[in-house]
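> One-letter residues, chain by chain:
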Amino acid sequence: MDFSQIVPALPALMEGMVVTLKLLVMAVLGGVVLGTFIALGRLSSNAFLSGLAKAYVNYFRSIPLLLVIIWFYLAVPMLLNWITGDFVPVGAFASCLVAFMMFEAAYYAEIVRAGIQAISRGQVNAAYALGMTYGQAMRLVILPQAFRKMLPLLLQQSIILFQDTSLVYAVGLMDFLNSARSRGDILGQPHEFLIFAGAVYFVISYCASYIVKRLQKRLVV
Amino acid sequence: MIRFINVHKWFKDLHVLNGIDLQVAQGEVVVVCGPSGSGKSTLIRTVNQLESINEGEIWVDGKNVTDPKTDLNALRAEVGFVFQHFNLYPHLSVLDNITLSPMRVKKMERVAAEKRAEELLERVGLAHKKDAFPAQLSGGQQQRVAIARGLAMQPQVMLFDEPTSALDPEMIGEVLKVMKDLAESGMTMMVVTHEMGFAREVADRVVFVDHGRILEEAPPEEFFMRPQHERAQQFLRQLLTPMN
Ligand SMILES: Nc1ncnc2c1ncn2[C@@H]1O[C@H](COP(=O)(O)OP(=O)(O)O)[C@@H](O)[C@H]1O
Ligand SMILES: [Mg+2]
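If you're matching them up, the sequences are chains A and B in order.
Going by full-length UniProt numbering, the first residue of the first sequence is number 1, and it counts up by one from there.
Going by full-length UniProt numbering, the first residue of the second sequence is number 1, and it counts up by one from there.
Just so you know, not all the hints are guaranteed correct.
What the hints assert, rightly or not - Label-pair distances were calculated between CB atoms; the ranges are: (1) B:K12 / A:G85: 54 to 62 Å; (2) A:L155 / B:F133: 21 to 29 Å; (3) A:R214 / B:K180: 42 to 50 Å; (4) A:G51 / B:S93: 36 to 44 Å; (5) B:K115 / A:D86: 57 to 65 Å.
As the list claims (entries may be wrong) - As a list, the in silico SDA-like pairs of lysine to any residue whose alpha-carbon atoms are at most 20 Å apart: (6) B:K177 / B:R205; (7) B:K63 / B:Q154; (8) A:K22 / A:Q157; (9) B:K106 / A:Y134; (10) B:K106 / A:N125; (11) B:K107 / A:R139; (12) B:K180 / B:D168; (13) A:K149 / B:F133; (14) B:K106 / A:Q136; (15) A:K149 / B:L92; (16) A:K149 / B:A135; (17) B:K106 / A:L140; (18) B:K69 / A:T133; (19) B:K107 / A:A137; (20) B:K115 / B:L92; (21) B:K69 / A:Y134; (22) A:K149 / B:P134; (23) A:K217 / B:H91; (24) B:K107 / A:L140; (25) A:K217 / B:A135; (26) A:K149 / B:Q136; (27) A:K22 / A:A94; (28) B:K107 / A:T133; (29) B:K106 / A:T133; (30) B:K107 / A:M138; (31) B:K106 / A:R139; (32) B:K106 / A:V124; (33) A:K149 / A:G122; (34) B:K107 / A:Q136; (35) A:K54 / A:G30; (36) A:K149 / B:S93; (37) B:K106 / A:M138; (38) B:K106 / A:A137; (39) B:K63 / A:T133; (40) A:K22 / A:V90.
Treat the hints as calculated values from the structure; they're not laboratory data.
Glycine is no exception: its CB is placed at the ideal position from the N, C-alpha and C atoms.
Whenever a hint applies, use it, and build me the whole structure from the sequences.
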């Protein structure tokens, strides 16, 4: 084992890490927003809306993430082509981002739904009694409380997503793992680079989990 | 100010409100009492449509609240509601609890809303707690903040659903005092309560509800001294001799 080649490769690996983190942050934000709307749909008294939201969640929770990534990589340009009539290259990053956002939204939706249901009925009643619309009651009263309760779970789910972003190798996106792997291959040291990448994923995920656990304890008190 | 006309409501098979006819005039204080489960909460919650009704009409300040064309949010903004369990917003400070709806619903400026909130806190004796969070207050204090929060919308009517029954006995007095002051200031009030001292002192009329019907409606003296209905007599006897 010879790890001496890793230090000179660090700038290139850093670039991969930036791609990974950018994908992660954008997918988390988009996924949480989309997931919140889906959760509101599921909790809606409108049977059509809640049925649609439920179907969405069940569908995306029943198929492998890898499939979604590949499918969007192939389907998104085709769809755009079909809509605009032009060939629009979207690139691996954009299609991966959409795939993660839509896939993770199904998981976030379930967390958000449980979070909203944990807020007492009295809070909505108070908001309504004080003249708020449904939207105001959700935005100003229910969701701020629900998100505080859900924060540890949302972060936990995002740590899983951090690991899952490595699946983008399937469509050739140069994220952290993929750049480590290709660097290793070029330099003829695939094992060293993969071991290093594994260590980095482990340290980041482990530290993040630890912080989430601490946060959870503080929120409980 | 409030008028129920032959109001009926069912929860599945349960006929919770069974032909309610009742009027509350401007400036009047009406106390509603009756056994647990008789439909008092449901009744008072229909006034601002936290509960819908199946039959009949309810008019508040000249508006038919059961008409689908009525703007419920606007109506609710002029009807204050105080809950048994306070329902303050736990994530907001006392001041923000009070100013939220004036600012977001009535589009009041922050400065004006805060000034008004501070005056109201003064009125309920909690000016020094404006930066506290609900969890840092006693039950009695929380309920007084809840009353101030309701008043901040400058309502025409205040509704109270057992405002003191979740409180420790030593805190009941401070909340009743605020309510009494409010009644003396001329506020129209509908109050579900078993505090018969309050009813006797403050109410213009007492309404006795049982199984979703109004069985008795009389000025407090008359209700307490000469209850007509047998169920009302029984109810008053039980209040006077607590079972525990
Ligand atoms: N949302 C609801 N769904 C079904 N039944 C209800 C609901 N709310 C109240 N009830 C029932 O209606 C009856 C009257 O309740 P309520 O108005 O709360 O009585 P009270 O306030 O006089 O104790 C009770 O039997 C109660 O169990
Ligand atoms: Mg009740």
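> Checking against the hints above, which ones are violated?
No hint contradicted; all consistent.
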